[in-house]
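Engineer: Next come the chains, spelled out residue by residue.
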Amino acid sequence: MSSETQPKSETGTANRFVSKRRMKKLSQDLSTLWRVIRRDRLAVIGVGILVVYLAVAAFGELLAPHEPGETQRAGGEVLRTEGPTAGYWFGTTNYGEDILSQVIISTRVSVMVGLAAAAMAVFIGANVALISAYYGGWVDDILMRVVDIAYGLPFLPFVIVLVFILGANIWNIIIVIAAILWRDSARVVRSEVLSQKQRPYVKSARAIGASDIRIMYRHILPNVLPLIGLYAAFAVAYAIIYEASIAFLGFGDPTLYSWGQMLFQAYQSGAIRYAWWWVLPPGVALMLIVMAVFFIGRALEQITNPELRH
Amino acid sequence: MQRYVARRIGQLMVTYFAFLTLLFVIFRLAPGDPTTMFLLEGMTPEEREAILQRWGLDQPLYVQYYEYLGQLLTLDLGQSIRYEQPVTDILWTRFWNTVLLMGPAFFLSYIIGVGIGAFMGWVRGTVKEKGGIVLTLIARSSPEFWTGIVLLTVFSFWLGWFPSGGMRAPGYEAATFWDRYLSLDFVHHMILPLMTGVVFYMATPALLMRSSMIQVLNSDFIEIKKAEGHPEWIILYKYAARNSILPITTVVAIVVGVALGGSLVIETIFSWPGMGREMVDSVQYNDYPVAQAVFFLMGSVVIFMNFVADIVYVYLDPRVKYE
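Quick note, the sequences are listed as chains R and Y, same order. Residue 250 in my numbering sits at position 267 of the first sequence, with consecutive numbering throughout. Quick note: to get my numbering, add 25 to the position in the second sequence (first position is 1).
The shape of chain R in the complex, shown without the other chains (with noise of 0.2 Å):
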């Protein structure tokens, strides 16, 4: 898509068409973004789930039907490991506490490691993209000898490590899967970036003086934007996969709900072997929300690469 809508040149005569040109440019991203969407019926879907997420992450203690701490009591008898009744639609844990409140609680931890996460990495990849390809020689040498490294890390020992070394808290948790995922956006949107670079559009914009700065961030970042998009969508699924797992190994933040965490009880306390009321809501939620996320990217796809589109 950029190839329609990026400006052919730039003569650039005065700075107040550029900033309305953006605008336009903009606008002109997000309705063929809005088009492909609509089109995608998968990516309605996921925008449907995603919309759900949101609103339970935000309101989530109005939702939740009990605190999810607190142990269930029926006749004095604490309600140990029960299966789904009126009262507790999915049940209770080992130690009597609600699991449909845990799992709508659990949803803000997903829905702000995927977003926090992903922000950060593909703020951090998005700019080491731009300086890299734009600057090239011993800037690019270095920076992506710096992303072979990231690549060399393996993934989930490197994050459990790191988040043991650190503490489990969930900002650490968020910065170290953020300190990873950055690789992926930073080499993609450099490719891109080089391609841009050997535009007419960067050759005029430089050919009138305009600063490096401005270039990569006025001219070159627009045009790549889409791509950044693409790998935030992405980022925001392996976040969310991530911090799972690492909750289910048991190095998650042990003061916040979380799917993993309950997964990681369960599994723990042996329920798993009959409890599916337990370990069956939990395991689904993550799975929806990464779906979606997954469907949203695909629509993403097409806007980056035109030739799937039809």
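Since the hints were made in silico from the structure, they are not lab data. Please note: incorrect hints may appear among the correct ones.
As the list claims (entries may be wrong) - Partial pick of chain Y residues on the chain R-facing surface, computed with a CB cut under 8 Å:
{"hint": "1", "residue": "G35"}
{"hint": "2", "residue": "L233"}
{"hint": "3", "residue": "S236"}
{"hint": "4", "residue": "V276"}
{"hint": "5", "residue": "I279"}
{"hint": "6", "residue": "V290"}
{"hint": "7", "residue": "F320"}
Stated by the list, open to error - Simulated restraints on C-beta separations:
{"hint": "8", "chain 1": "Y", "residue 1": "I163", "chain 2": "R", "residue 2": "G192", "range": "39 to 47 Å"}
{"hint": "9", "chain 1": "Y", "residue 1": "Y90", "chain 2": "R", "residue 2": "R21", "range": "19 to 27 Å"}
{"hint": "10", "chain 1": "Y", "residue 1": "Y91", "chain 2": "R", "residue 2": "T15", "range": "53 to 61 Å"}
{"hint": "11", "chain 1": "R", "residue 1": "F42", "chain 2": "Y", "residue 2": "T151", "range": "39 to 47 Å"}
{"hint": "12", "chain 1": "Y", "residue 1": "L100", "chain 2": "R", "residue 2": "L177", "range": "53 to 61 Å"}
Glycine residues also receive a C-beta, built at the ideal position from the N, C-alpha and C atoms.
Given the coordinates of chain R, assemble chain Y onto it according to the supplied hints.
Structural biologist: Relative to the frame of chain R, chain Y by itself:
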């Protein structure tokens, strides 16, 4: 070609050196005294001193760093704190246990994934393709531990077809290497963890192969081949699929990295006595030499695979030789 390979080897060494340095730094990042990880509470100062000396932690950092590099390069991975044995002894069988599980999982997922991807690209725009995409995306959306739990619940707890964990029937002590791995019992134990890995890892090559196929099928030379009247399957396999595989080779290394990391999860769920599970345990027990060694081994494999993938890529596509 030779110049390219030489340059890549140089880069490999730089990358590897940086990786080793990072490893050194990470395991000294712990807040507070870097020695806390080695020490137990309630030790007398003399005991403490003795332990610090034994681990060489009383020396200046640069000496420690130098000795650390020397040890790793001679594959001396140190002593496990928990087992009080050389780490190499502990990890040797576990290394093979992991390789014999994750290796086949990786190869199968790649072969199946590329096959499915080629098929999806070929039947573009049909219901089959749609269904294939949805299934692939669902497979990729399920973290390994969730796929593992589902398989475990269905095939082990409900149907009872497969054991719920371990590598051999309880009480069995394998005497030799071959005895350990060459048996139906081993295969029986391996099927569920293997399936878990295959389901998750095949999605990436499948989706990449699909978009790669679509691009190749849109190109002119396929039109020419069609016009020349070649049978469909020849066009599919000989021309389209073969040319589409090229971009997939670069992600081989990435998928290997993911698969090695995934061994932590899969081995934990299925109590598979491999490196991944050993790493999870050793981190929990503060047995840093073991955790560090596993990290070192996994990182080495991934870096080496990246290198191989680059070389293979040039071999397959001579155009990139001199960038």
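Engineer: State for each hint whether it applies.
Structural biologist: Do the hints match the structure? See the list:
1. G35: violated (11 Å)
2. L233: violated (11 Å)
3. S236: Interface hint status for Y/S236: holds (6 Å vs cutoff 8 Å).
4. V276: violated (10 Å)
5. I279: holds (7 Å)
6. V290: holds (6 Å)
7. F320: holds (5 Å)
8. Y/I163 <-> R/G192: 39 to 47 Å: violated (53 Å)
9. Y/Y90 <-> R/R21: 19 to 27 Å: This hint is violated: roughly 57 Å between Cβ atoms.
10. Y/Y91 <-> R/T15: 53 to 61 Å: holds (57 Å)
11. R/F42 <-> Y/T151: 39 to 47 Å: Distance hint for R/F42, Y/T151 holds at roughly 41 Å.
12. Y/L100 <-> R/L177: 53 to 61 Å: Between Y/L100 and R/L177, where Cβ atoms are some 40 Å apart, the hint is violated.
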